[in-house]
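Peer 1: Chains as they are written, first to last, in this note's numbering: chain A, 1 to 96; chain B, 97 to 192.
Incorrect hints may appear among the rest.
[What the hints assert, rightly or not] Within a straight-line C-alpha distance of at most 35 Å, the following computed DSBU-like cross-link-like pairs (lysine-lysine) qualify: (1) Lys121/B / Lys14/A; (2) Lys73/A / Lys110/B; (3) Lys169/B / Lys22/A; (4) Lys73/A / Lys54/A; (5) Lys25/A / Lys121/B; (6) Lys73/A / Lys159/B.
[Stated by the list, open to error] Taking CB as the label site, the calculated pair distances span: (7) Ala142/B / Gln76/A: 36 to 44 Å; (8) Glu44/A / Leu152/B: 30 to 38 Å; (9) Arg114/B / Gln76/A: 44 to 52 Å; (10) Ala46/A / Lys121/B: 40 to 48 Å; (11) Thr11/A / Leu152/B: 28 to 36 Å; (12) Asp15/A / Ala142/B: 28 to 36 Å; (13) Gln76/A / Arg173/B: 14 to 22 Å; (14) Ser84/A / Lys169/B: 30 to 38 Å; (15) Ala46/A / Arg173/B: 18 to 26 Å; (16) Glu44/A / Glu146/B: 35 to 43 Å.
Derived by calculation from the structure, the hints in this document are not laboratory data.
From the three backbone atoms N, C-alpha and C, an ideal C-beta is built for every residue, glycine too.
Protein chains: 2
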Amino acid sequence: MLVLITYDVNTQTKDGSRRLRKVAKACENVGQRVQNSVFECLLEPAQWVELKDKLLNLADMEKDSLRFYYLGKNWQRRIEHFGSKPSYDPEGPLIV
Amino acid sequence: MLVLITYDVNTQTKDGSRRLRKVAKACENVGQRVQNSVFECLLEPAQWVELKDKLLNLADMEKDSLRFYYLGKNWQRRIEHFGSKPSYDPEGPLIV
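Given only the sequences and the hints, what does the whole structure look like? Please build it.
Peer 2: Okay, here's the thing in structure tokens:
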């Protein structure tokens, strides 16, 4: 299943910058960054449970915003990309 | 249908900042900003054709990135939100 993760982390404090780095790192480990704070993660359900738990613990629920979009199995037909940073294939090699 | 729009507009130039404002404005007119550069737009197909055309003309395809995610009719079960900026109901009043 493909899960799209978008986040806004409040970086007005040093702690915020640290949270941002950690949230991004957790997503990068298992998914592809497609835009600044937008990740596409092709995951098994168990992997998602783990990542979600990690993200909810890393973020500050008072200051940060996490949004998860469940695109399911037929995600290819749900996504269109235009412009720079050419699209990639989530099922292809992880580009890090 | 619900279309999720995420964008990265390169603002290194004055023209980039202008493009960013216009892209955001075009999305704000018909949708809800849920995060910094993330909009959820509940639209009729004809409205989407118009918005998409507008966005593709506003953005610079060499420098900016536009991603469209088609969440379909049963979008409610595809979205989860945690943290600040409490979720809103795309079918509710447009909060501007």
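Peer 1: Would you mind marking each hint as holding or not holding in the structure?
Peer 2: Tested hints:
1. Lys121/B / Lys14/A: holds, 31 Å
2. Lys73/A / Lys110/B: violated, 41 Å
3. Lys169/B / Lys22/A: holds, 34 Å
4. Lys73/A / Lys54/A: holds, 23 Å
5. Lys25/A / Lys121/B: Holds. Lys25/A to Lys121/B sits at ~31 Å (cutoff 35 Å).
6. Lys73/A / Lys159/B: holds, 31 Å
7. Ala142/B / Gln76/A: 36 to 44 Å: violated, 25 Å
8. Glu44/A / Leu152/B: 30 to 38 Å: holds, 35 Å
9. Arg114/B / Gln76/A: 44 to 52 Å: violated, 34 Å
10. Ala46/A / Lys121/B: 40 to 48 Å: holds, 42 Å
11. Thr11/A / Leu152/B: 28 to 36 Å: Holds, at about 31 Å.
12. Asp15/A / Ala142/B: 28 to 36 Å: For Asp15/A and Ala142/B the Cβ distance comes to about 46 Å; the hint is violated.
13. Gln76/A / Arg173/B: 14 to 22 Å: The hinted range 14 to 22 Å holds for Gln76/A and Arg173/B, with Cβ atoms some 20 Å apart.
14. Ser84/A / Lys169/B: 30 to 38 Å: holds, 31 Å
15. Ala46/A / Arg173/B: 18 to 26 Å: holds, 20 Å
16. Glu44/A / Glu146/B: 35 to 43 Å: Holds, since Glu44/A and Glu146/B (Cβ atoms, about 39 Å apart) stay within the stated range.
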